[in-house]
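**Q** What follows is each chain in one-letter form.
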Amino acid sequence: MGMTVVEKILARAAGQPRVRAGEVVEPAVDLAMSHENAALVINQFHEIYQGTGLEPRIWDPSRVAIIFDHRVPAESAKTATNQKKVRDFVSRNGIAKFHDVRGDQGGICHQILPEGGYVRPGQVIVGTDSHTTTHGALGAFAFGIGATEMASVWTLGTVLNLEVPGTIRVVANGRLGEFVSPKDLILHLIGRLSAQGANFMAIEFHGPAIRNMSTSGRLVLCNMAVEAGATSGIVPADEETVRYLREEAGVGEGIVPVTPDADASYHQTMEIDVSRLAPQIACPHAVDNVKPVDAVAGTKIHQVVIGSCTNGRLDDLAAVAGIMRGKKVAAGVRMLVFPASWRIYTQALRAGYLATLVEAGAVVMNPGCGCCLGVHQGVLADGEVALSTTNRNFQGRMGNPKAEVYLCSPEVAAASAITGVIQDPR
Amino acid sequence: MSVTHTTDDAPVVTRVVMTLGDDVSTDAIYPGRFMATVLPNETPQYAFADHPEFRALLKEGTMPAGSALVAGSNFGCGSSREQAASTLRGHNLVVVARGFARIFLQNAVNLGLQIVDCPGIAASAGDVLEISAGAVFNRTTGQRFAVRALPPARQAIMKAGGLIAYTRGRLLTRQP
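Chains as they are written, first to last, in my numbering: chain A, 2 to 427; chain F, 545 to 720.
Each hint can be trusted.
When the alpha-carbon atoms are kept at most 30 Å apart in a straight line, the in silico DSS-like pairs for lysine-lysine are as follows:
no. : chain 1 : residue 1 : chain 2 : residue 2
1   : F       : K603      : A       : K403
2   : F       : K603      : A       : K79
3   : A       : K292      : A       : K328
Which chain F residues stay away from chain A? Per the calculated CB distances, all over 12 Å, these:
no. : residue
4   : V561
5   : L602
6   : P608
7   : G610
8   : N636
9   : G664
10  : A666
11  : G670
12  : F681
13  : T684
Honestly, the hints are just simulated from the structure, not real lab data. The beta carbon of each residue, even a glycine, is placed where N, CA and C say it ideally should be.
Using the sequences plus the hints, can you model the full thing?
**A** Written out as structure tokens, the structure reads:
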């Protein structure tokens, strides 16, 4: 019996010839990512060393990445103080993969890691953020952990007591229609699986629709795999992965794709024909409350949010600008755009997308996560409805439990921004 | 407490103070707007900040240490924020749920929050539960529910008193 991609990656990282779903392993970590919550990781890291007589020492500072993105620039003295604490720690410990609040290097962690060339197929990546699953798009096994677990990784360089997850194999056939995007595919899958249908599992993506999909689209799929409860999403690396890493991430060496064995054992296989997929929408207050957009068309909206670690990439901004060109954001609607990184911001600026959006009435914000999780900018009023390309719509997610959030693709969001009501872009 | 589900643990008796449905997210347990507060001794004040029933219990002081929350499946889904575990740990609550989301489960074990994975649990506020290694007995209704043991890998961390102590032990044995 062969191995899935995740089993192969974990076998290599644990120094074993083979591993099986359910086995407990202690894989070596290739990359350990944190954002502002590094402040808590630092605290727990020092706790570990307490009473040991040893000097706290990160196992390998070159494998630690810290990116400020959740509250940038700082929205409060408390955040500013935490960021300062992290900055001091970074410089004392020689952490080079540090992305501060700067236009020439900053952005959302789940965009910085891929575009910065930090991710390779076959790696084990952990992050103190549930959407760390994103990096599976490049063929890595990437998953979210808590701050204390990260402190343990910083100390030992391994994940202690990790159970090898079983794998759900998703085969996407056909070709996505016009104005139908990877976001619609993943929303549809989450609706089918439910918010817990993939708990403790990895999701491996296959099929012609995935082979023909850009890395940008694959990042969307893997980003939201966690919304079905998955430990990680993963697209086995292929020619597109190599192209992205070489051409867009500037990676010259060390790209070795890991693919599953033909006789690997899967927990479940799901097939889907994406040719027949209509634009999808996740309705309040659950990411698995997914319907075709038509089912809620006409619902009045007050805020449209484009961006985040899910849909803030250049092709997303291009699609939105294409729909908004020469049009206006409806009266009574606020449209906020958060590019996923400053590199993307600059590319969109040069391509004219940002000018198109501003002229249409949108507000282009700096790259960051704050709005998605209600910690910084774009908080909703009581009774308001947001239509967002982000990844979560739990009650209170955008900072107000008396507001509602719908999740959709950039195309649906843009078409709806013009009419002021939820609308199928086709 | 019976969280390690080893046979030598004595049963624990606890009263249910609140019940919750499926898919309780970490946004509900610890809303994002309080995420700049990270230290375990500071997070308890924001537990279920937008949940009127929980806040009323806190205000009335009718949620003594050791009280139980009973929830449906996929408790703690969503964000990896560890504050969701530390805030409940700070109130010394026991969470009995039909299932837990992975990251929350690991955070709970790592921080020593008492969780009981009990797929069939049925209980109402006010019920008295007797939690032992293999089962939860609802004394009020007379029903008994099987407990799903934590994976052995997690039990080892629980027994060590959490991941900080566990990692410290590993660090010390690794030194030459």
